[in-house]
Amino acid sequence: QKEVEQDPGPLSVPEGAIVSLNCTYSNSAFQYFMWYRQYSRKGPELLMYTYSSGNKEDGRFTAQVDKSSKYISLFIRDSQPSDSATYLCAIKAAGNKLTFGGGTRVLVKP
Amino acid sequence: DTGVSQDPRHKITKRGQNVTFRCDPISEHNRLYWYRQTLGQGPEFLTYFQNEAQLEKSRLLSDRFSAERPKGSFSTLEIQRTEQGDSAMYLCASSSEVNTEAFFGQGTRLTVV
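Protein chains in written order, with our numbering: chain A, 1 to 110; chain B, 111 to 223.
Heads up, none of these hints are tricks.
Away from chain A, derived, C-beta distances all over 12 Å, residues of chain B: (1) Ile122; (2) Gln127; (3) Asn128; (4) Glu138; (5) Glu162; (6) Asp173; (7) Glu178.
A partial selection of chain A residues facing chain B, derived with a Cβ cut-off under 8 Å: (8) Met34; (9) Arg41; (10) Leu46; (11) Leu98; (12) Gly101.
Output of the computed footprint for chain A on chain B, the stretches with three or more beta carbons under 8 Å from beta carbons of chain A: (13) 148–157; (14) 210–220.
FYI, nobody ran anything at the bench for these hints, they're computed from the structure.
All C-beta atoms in this analysis are idealised placements derived from N, C-alpha and C, irrespective of residue type, glycine included.
If we strip away everything but chain B, and leave its shape as in the complex, we get (with noise of 0.2 Å):
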């Protein structure tokens, strides 16, 4: 597998449940980054890790978002509590270095009905 996948590729959920996605990054990609997109506007950038260290957490990322990269390898997005406006495809992206191109999986589409 050469490019970055997500699971699962759709969510359907009750409001007030929680879901999880998960992302696993390109083989030796040591950057992997969250971003939420709703329809109609460009990728926002929720949270990214370097290994296993979070580093930075957009204002975005309510106290009802928590994702974590154990090990440095695949890493989770949880939400908790779930409202209809947090309705919206969630992609990961990787990178090998700082400065270089970031890859993007096919993304979660969550729906909270």
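Just chain A, same shape as in the assembly (with noise of 0.2 Å):
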């Protein structure tokens, strides 16, 4: 079992919709968690970073963090078609180093 589960896709949505990903992971330790954008060929973009349970907002982005299920999500409000790429979650125990999951391929659809 990996340390970071992610669902691959594609998550495939209309233009406006509201688009929710989300990863499971197994170790307690992890504290910080990380939402990347990854477009094809480029490196990945940080959008969202947090440290504690409950919802951070930046934008047409929340992340939410539930430690006591050891899950989390990323929702992005009124979706566009620049919003099409990849998700990835990262997630790091103290000290550590970045844990990632295998990403979601998400397709915004004018």
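Join the two chains, each given in its own frame, into one complex according to the hints.
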């Protein structure tokens, strides 16, 4: 079993819909949670960073962390075709390396 | 320059040749990470540095791979005697402190023919 699990998709939604992404993890030592967006053949771009349970909002993006369930989510409101990309969750324990999920491919159709 | 810079962006090499990649982290970031990513997969950890000290190496980092970060600034990743299985995107990231967010470069895409 991988330390961080993420549905590979593809997840296809119409423009303007809410995109819902999630990851589960197994290591209770994980404390820091990040979401990255990656376009084809590009490096990952940091979207959200959080270290506490609950919600964190930044523009159209909301990150949600439930440490008791070892479950994290990313919601994208008012999705645009430019949001079509692969979304990666990355989690780390204190002072340790980032561990990534496999990524979810998202397609927002005009 | 405010981002992580990687060079070259693309490298095509023949099997058995040696290749070296360079990463320049964000200024004053003391943590530097190397990852490898194959098509359709998430990045896999290779190694990381705090300043010039290499603190952890993945089992993925075989003896053909070596990474350095002299003087705690830029880093190089060398692959000796390349194999077709080494074809991947090699990503570098940096962070300012132990538990802050990590920022990635655009990667070096390696193709071994």
